[in-house]
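Visitor: Residue-level listing of the chains:
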Amino acid sequence: MIEISKLNAWFDDNHVLKDVDISVPANGSFGLVGESGSGKSTVLRTVTGLVDDWEGTITVKGKKLGPKRDKDFYRLAQMVFQDPFGSLHPRHTIDRILTEPVNIHGLGNSDARVVEALTQVGLDNAFRFRYPHQLSGGQRQRVAIARALILEPKILLLDEPTSALDVSIQAEVLNLLGRLRRDLGLTYIMVSHDLAVVAHMCDDIAIMNHGRIVERATAGQLAEGTLEHPYSQQLYKAAGGYDRAVVDTFVDWD
Amino acid sequence: MSSETLLTVKNLEVTFNTPKGKVHAVRGVSFDLGRERLGIVGESGSGKSQTGRAILGLTAANGTIRAEKMQFRDVDLANLKPKQWRKVRGARISMIMQDPKYSLNPVMTIGDQIIEAYREHHKVNAKEARLRALEMLEAVKIRDPERVFNAYPHETSGGMGQRVMIAMMLIPDPELIIADEPTSALDVTVQLQVMAILDDLVRDRGMALIFISHDLQLISSFCDRVLVMYQGHVVEELRASELHNAKHPYTKGLLNCLPKMDGDHSDLPTLEREASWAEG
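Read top to bottom, the protein sequences are chains E and S.
One gets the numbering used here by counting positions in the first sequence from 1 and adding 640 to each.
One gets the numbering used here by counting positions in the second sequence from 1 and adding 2 to each.
Please keep in mind that the hints were generated in silico from the structure rather than gathered at the bench.
Mixed in with the good hints there might be a few duds.
As the list claims (entries may be wrong) - Pairs of lysine to any residue, SDA-like flavour, derived with a Cα cap of 20 Å:
#, chain 1, residue 1, chain 2, residue 2
1, E, Lys-877, S, Met-263
2, E, Lys-794, E, Asp-710
3, E, Lys-646, E, Asn-667
4, S, Lys-143, S, Thr-158
5, S, Lys-262, E, Gly-818
6, S, Lys-125, S, Asp-114
7, E, Lys-877, S, Leu-260
8, S, Lys-22, E, Asp-710
9, E, Lys-877, S, Asp-114
10, S, Lys-262, E, Gly-865
11, S, Lys-262, E, Ser-803
12, E, Lys-877, S, Asp-217
13, S, Lys-262, E, Lys-646
14, E, Lys-701, E, Asp-661
15, S, Lys-22, E, Pro-772
16, S, Lys-262, E, Lys-794
17, E, Lys-703, E, Arg-715
18, E, Lys-877, S, Leu-257
19, S, Lys-24, S, Glu-281
20, S, Lys-83, S, Ala-93
21, S, Lys-262, E, Ala-804
22, S, Lys-103, E, Glu-675
23, S, Lys-143, E, Leu-747
24, S, Lys-249, S, Glu-274
25, E, Lys-877, S, Gln-219
To be verified - Far from chain S, some chain E residues (derived; all Cβ distances over 12 Å):
#, residue
26, Pro-665
27, Ile-698
28, Gly-706
29, Asp-712
30, Thr-733
31, Ile-744
32, Asp-764
33, Phe-767
34, Leu-791
35, Leu-805
36, Arg-822
37, Asp-834
38, Ala-839
39, Arg-884
Even for Gly, the Cβ is constructed at its ideal location relative to N, Cα and C.
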């Protein structure tokens, strides 16, 4: 469904992605893990057209992407951002937030679509005419997911969709994302700094550091902890909680 | 844990007057603290931060603190005047906040800020204070203390900023440190490195620590004892090593809903909240 090869990207003189190769089958779920500045979000932003200076090939559903994305692309692939507080317009009602993409794409029948999208993400119809500030963080992230789903895309690009949420709410949103992928046959690329979240959600995982993929693993390999690259081992150990002795083995990777 | 009690909090209540009516943020929290590391864990809105802030009298102006007892060594925290508070805050109890970006003064060099914290509580000359500040930057494992001393907060990374905060809060040598989500904004490895620094300093100087966090796993691997808060109540208190024997359904639910690296993609158990938990 998504083939990325030899992807390089720059922010001015800063080389932020270095030869990134990713391949995601239809209905697959691919996870990118890394720390801040590793370039994991930049991969998603490049695919979705938010980065201008890039080289390489990105093929989505058999179609090679050029420098600009057309409307068809956005019907196929939608992005969900990390911060549900920053990604919803504070002065638009949920109804208006959800109706806007429908109108832009001229799909019509927005009323039924809004109701349908809210149902899909498990929000009651009562939320429809509220404003974002009247919702909790988890409810807002559900709205952001509904806004992505309302165009009936086949691909969701998920940029840390649960890292701003409490763990109990995170579990609910992860379950929701898992169910949507099964029910709607979606394809995911999910970015997270949390190894456990990615291991839970994805079949194939890539660990990134300084713009490069340093190691690839399957969920099974992660479960066994058989990682080879020292950076991924360090990340794996760090996910296990605080251990004074382990911290002393940490190396800086700048 | 030594038997000596540093801080006793009994029936702490924090209420806020808001345009929408009274909000009861902390409802009857009690605990004793020795020279140990106590974790307070809970989700957003559980009252964990407000508990920490009330101990230092930092509750916002629209809030009221009531407590049967809030005794810190020889000081009765429940009835302090502003002038007396200034002798406690920073000097004897200090607080490390979540985000160094908002807690450091953006127009003052890091060195000057640390010196200010030190000289507020110690009568020393400028040269001596500078020396102590540089020592402190070294103690929090900053590789080039001279450079950081002269730098402004925006010139540092998140991890370094938090080390600077720790240096600033520890330099007056307080007896109790309250750390409110000090590492939540940091990358996992940096987070653990910063915690190790805090760990060593607190141990070497024999300080007590209250560590507030939403991360139950992290807190239980770092602290001696954990209070689990839900809607203003402490629903469970347990030794960190006994976490797997947690009895309260809320604590168990929090543990179970964490994704695990076991290769299992099936749905996570979600937390079913019961109204009775909020009644204490």
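Visitor: Does each hint hold? Answer for all of them.
Guide: Hint-by-hint comparison with the structure:
no.	hint	verdict
1	Lys-877(E) <-> Met-263(S)	holds (12 Å)
2	Lys-794(E) <-> Asp-710(E)	holds (16 Å)
3	Lys-646(E) <-> Asn-667(E)	violated (23 Å)
4	Lys-143(S) <-> Thr-158(S)	holds (14 Å)
5	Lys-262(S) <-> Gly-818(E)	holds (15 Å)
6	Lys-125(S) <-> Asp-114(S)	holds (16 Å)
7	Lys-877(E) <-> Leu-260(S)	holds (17 Å)
8	Lys-22(S) <-> Asp-710(E)	violated (47 Å)
9	Lys-877(E) <-> Asp-114(S)	violated (37 Å)
10	Lys-262(S) <-> Gly-865(E)	holds (12 Å)
11	Lys-262(S) <-> Ser-803(E)	holds (15 Å)
12	Lys-877(E) <-> Asp-217(S)	holds (16 Å)
13	Lys-262(S) <-> Lys-646(E)	violated (32 Å)
14	Lys-701(E) <-> Asp-661(E)	holds (16 Å)
15	Lys-22(S) <-> Pro-772(E)	holds (18 Å)
16	Lys-262(S) <-> Lys-794(E)	violated (27 Å)
17	Lys-703(E) <-> Arg-715(E)	holds (14 Å)
18	Lys-877(E) <-> Leu-257(S)	holds (19 Å)
19	Lys-24(S) <-> Glu-281(S)	holds (17 Å)
20	Lys-83(S) <-> Ala-93(S)	holds (16 Å)
21	Lys-262(S) <-> Ala-804(E)	holds (18 Å)
22	Lys-103(S) <-> Glu-675(E)	holds (19 Å)
23	Lys-143(S) <-> Leu-747(E)	violated (58 Å)
24	Lys-249(S) <-> Glu-274(S)	holds (15 Å)
25	Lys-877(E) <-> Gln-219(S)	holds (14 Å)
26	Pro-665	holds (15 Å)
27	Ile-698	holds (27 Å)
28	Gly-706	holds (35 Å)
29	Asp-712	holds (31 Å)
30	Thr-733	holds (20 Å)
31	Ile-744	holds (34 Å)
32	Asp-764	holds (17 Å)
33	Phe-767	holds (19 Å)
34	Leu-791	holds (26 Å)
35	Leu-805	violated (9 Å)
36	Arg-822	violated (10 Å)
37	Asp-834	violated (8 Å)
38	Ala-839	violated (4 Å)
39	Arg-884	violated (6 Å)
Hints 3, 8, 9, 13, 16, 23, 35, 36, 37, 38, 39 from the list above are not met by this structure, while the remaining hints are.
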